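Enquirer: The numbering of the sequence shown is this note's numbering, which starts it at 153 and goes up by one.
Source of the hints: derived by calculation from the structure; they are not laboratory data. Please note that a few of the clues may not be correct.
As the list claims (entries may be wrong) - With beta-carbon atoms standing in for the labels, derived distance ranges:
#1 Phe184 with Ile204: 45 to 53 Å
#2 Val195 with Ile221: 32 to 40 Å
#3 Gln201 with Gln226: 45 to 53 Å
#4 Phe184 with Val231: 39 to 47 Å
#5 Lys194 with Ser232: 52 to 60 Å
#6 Glu191 with Ala218: 32 to 40 Å
Remember, it's a predicted structure, so these values are computed and weren't measured experimentally. Even for Gly, the Cβ is constructed at its ideal location relative to N, Cα and C.
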Amino acid sequence: MVKKEAATESKSKSKKEVAASANDDGFKLGAFLKGTKEELGKVVWPSRQQLISESAAVILMVSLSATLIYLVDQLFGWVSRQVF
């Protein structure tokens, strides 16, 4: 019985130590902003023409998908009115 309690205490201590070390690191806003700026510097931004063409492609595909869903919905509605 004593061994179980000792093992439980050692486990709880190790969890507490881990939690304490995690709290010591904390969040540093300056380091976060510096890292963010570095990562944004690595981004390859699209050209204006590429941005416009890809945006148009997305809008076109969304419109076509919405139209297809609308037409299928109308077809199912018509079929259900014929049956019932």
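Enquirer: All hints are to be evaluated individually against the structure, with a verdict given for each.
Expert: We went through each hint and held it up to the structure:
1. Phe184 with Ile204: 45 to 53 Å: Violated, at about 33 Å.
2. Val195 with Ile221: 32 to 40 Å: holds, 34 Å
3. Gln201 with Gln226: 45 to 53 Å: violated, 37 Å
4. Phe184 with Val231: 39 to 47 Å: violated, 56 Å
5. Lys194 with Ser232: 52 to 60 Å: holds, 54 Å
6. Glu191 with Ala218: 32 to 40 Å: Given a distance of about 35 Å, which is inside 32 to 40 Å, the answer is holds.
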